[in-house]
Amino acid sequence: MSENRLIEVRNLKRHFPVLERGVLKRRQVGIIRACDGISFTILEGETLGLVGESGCGKTTAARVILGLIPPTAGEVFLRKQNVLEVFSSKDKEAILNLRARMQLVFQNPYASLNPRMTVHDIIMEPFRIHRHVLKEEYSDQALKALEVVGLEPEHAERYPHEFSGGQRQRICIARALAVRPEFLILDEPVSSLDVSVRAQILTLLREIQAMMGTTYLYISHDLASVKFMSDFIAVMYLGKIVELAEQETFFSSPIHPYSQALISAIPRPNPRLEPGRIILPGEVPSALNPPEGCRFHPRCIRAKTVCKTKEPQLIDLGNHWVACFRNDEVDISTHPENQ
Amino acid sequence: MRLLEVKDLATYFSTEAGTVKAVDGVGFDVGEGEVVGLVGESGSGKTVTALSILRVVPRPGMICRGKALFKGTDLLRKSEREIQSFRGKHVAMIFQDPTTSLNPTLTCGEQVAEVVRTHKKMGKSKAVERVVEIFQSVGLPDAALVFHKYPHQLSGGMRQRVAIARALCSDPELVLADEPTTNLDVTTQAQVLELMKELKKKLNMSILLITHDMGIVAEMCSRVVVLYAGRVCEIGDVMSVFESPLHPYTEALLYAVPSLDARKPRVIPGSIPDMLNPPSGCRFHPRCVYAKHRCTDEVPQLKEVEPRRFVACLKH
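These protein sequence lines map, in sequence, to chains A and Z.
Under our numbering, the residue at position 211 of the first sequence is numbered 211, and the numbers go up by one with no gaps.
Under our numbering, the residue at position 219 of the second sequence is numbered 219, and the numbers go up by one with no gaps.
Keep in mind that the hints were calculated from the coordinates and are not lab data.
Since this is a predicted model, take the numbers as computed values, not measurements.
Ideal Cβ placement from N, Cα and C applies to all residues, glycine included.
Don't take every hint at face value.
[Said to hold, decoys possible] Covered stretches of chain Z, going by a simulated chain A footprint (3 or more residues, C-beta under 8 angstroms):
#, segment
1, 190–196
2, 250–256
[What the hints assert, rightly or not] Some chain Z residues judged to face chain A by a derived CB distance under 8 angstroms, without partners named:
#, residue
3, E34
4, V115
5, T182
6, H212
7, D213
8, A218
9, F242
10, S244
11, D261
12, R266
13, I272
14, M275
15, L276
Using the sequences plus the hints, can you model the full thing?
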């Protein structure tokens, strides 16, 4: 089973110190625990959907995993290789090799393409950097990449501004796939796109995954698209994972109160449905000052005394992990890990 | 007589690159106490329609033809001076981004009080009382404290509540809400939608709810107007439109969105047209699975195929 694990994240933390603005000296007045100890595994060829609202730490997690910012603590493994160790070393070649195996598609296709480069140059750039293919083949491979994402060879000579949002995102995907990465992080890849175009891009991503066996980390706040894309789902709240389950299980029987609220919050395009909605009181607290005990307790209707002082650990209920002291099926508060 | 009747509205933008016919013959109506959804994607003309009704279309946009009858009075024929007594008073607007629609140099209380005093002719202290009252009714915690806060000191959800308070403080009969929850987190969106439902019930307001989210339409609206590339595709009550969409774009839109309950989304080929050079005839024809030859030449007119059920498609 462990040979199947492509990505393993263990207790990943990333904290940001908040410094006071002074003239002579600046001291730390607080700390933002953006990502505060998250762990998960993604099997080869599968997709983990990482869900959460703004400030939950999902984008920070992505940036740390890719070595774009250093971690505060924790480890990331790509197969057996210790990713964060490589990124923090001075070994340029090892870093470059690793980068070719882990790529990223950003949210905003309008900001992530160099406006002064043609599509051809944009897609050739990874070849030039990684040189994993013979120079004579660069152009051919670039055109192949365009084909995979449903663009035509004539598009290669155009500039990004000549394309629509959806097409630009295809270019970004082609660029990310040019080096045939094993792992692709998709950070809200369709949020900036029109609704009628989203399905095109998501369907394309799934087709590519089926064809190339790429492993995805799909980050989004849109649960409906997460459902469509993911095999497993992890929900983040204020820097922690509160629930992790298989996609079907998650939507049919979510256990954590926050997950339940998230699912019920989504408006359904069915006028006959009664919303029966869970409305969470208040707002997401600041990561600068998270609540004591369970970070969700101030907004949780099921909070009891222990929730206010102790932080629940993520416990395995049988391929379904939940961090909550209240659970209708199992009394987790008596679980040895939660003593 | 309906509260709002828009007839053949056309607003064009003349740019160096050409004329963008952002709204090109749009007509619909909103009744008293009704929530009507105005649905479309980018380039559909939904925001420009709302801005046209309020006569706040930015340059180089110009309203070229049409009528916007509010209780029988054509807002498009009023002078700038006359329109000011409607704007904010009888017809108010909530914009998509509360960060840019609130004045960053005034406290939340001050800017809403400004609106109250302009339209209600109240003294300063009375206005302050009224503002605190409204802040409470939109669910702002510690309303008296929020009064003295600047917009940047509040979260997105709270800012949007202030924007809603500002829109409602003069008791308008009609509220134009342009994607009021799009920029908010899902759980905050749920709160704001519930708030809007409560307020609508309490105040019997009419709302023109502009959105691209069919889920919000299904939940909030009784009728829906579907726009595509500056024109109306379909109008009808929400139940009928969702259960048996008549226009191919409406149908495609309903099936294209990944939803929690549904099966796999159905991809719509192509993309939204370039509004500088929209397709001839029916603007949706390049992406339409039912398109025939005539769709390239003829512009389909909006026809009433059943009572209060309209569609602009050569299939009907």
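Status of the D261 of chain Z interface restraint (C-beta, 8 angstroms, chain A): holds (6 angstroms)
Interface hint for E34 of chain Z, Cβ within 8 angstroms of any Cβ on chain A: With Cβ-Cβ at 15 angstroms, over 8 angstroms, it is violated.
Restraint outcome when V115 of chain Z is required to lie within 8 angstroms of chain A by C-beta distance: Constraint on V115 of chain Z not satisfied, violated at 25 angstroms.
Restraint satisfaction for L276 of chain Z [CB to CB of chain A, less than 8 angstroms]: violated (13 angstroms)
Given hint A218 of chain Z near chain A, where the shortest CB pair must fall under 8 angstroms: holds (4 angstroms)
M275 of chain Z as an interface hint toward chain A, with CB separation required under 8 angstroms: Check failed: Cβ of M275 of chain Z comes no nearer than 12 angstroms to chain A, outside 8 angstroms.
Interface restraint verdict for T182 of chain Z against chain A (beta-carbon cut-off 8 angstroms): violated (10 angstroms)
Hint status (Cβ of D213 of chain Z to nearest Cβ of chain A, threshold 8 angstroms): Cβ of D213 of chain Z sits 6 angstroms from chain A, so the hint holds.
Agreement of hint H212 of chain Z with chain A interface, Cβ distance less than 8 angstroms: Check passed: Cβ of H212 of chain Z comes within 5 angstroms of chain A, closer than 8 angstroms.
Hint validity - F242 of chain Z Cβ closer than 8 angstroms to any chain A Cβ: holds (5 angstroms)
Verdict on chain A covering the segment 250–256 of chain Z, where coverage means 3 or more residues with a C-beta closer than 8 angstroms: This one holds; 4 residues, not fewer than the three required, reach chain A with a Cβ under 8 angstroms.
Restraint check, 8 angstroms cut-off on beta carbons, for I272 of chain Z near chain A: Constraint on I272 of chain Z satisfied, holds at 6 angstroms.
Checked against the numbered hints listed earlier, the structure breaks hints 3, 4, 5, 10, 14, 15; every other hint is satisfied.
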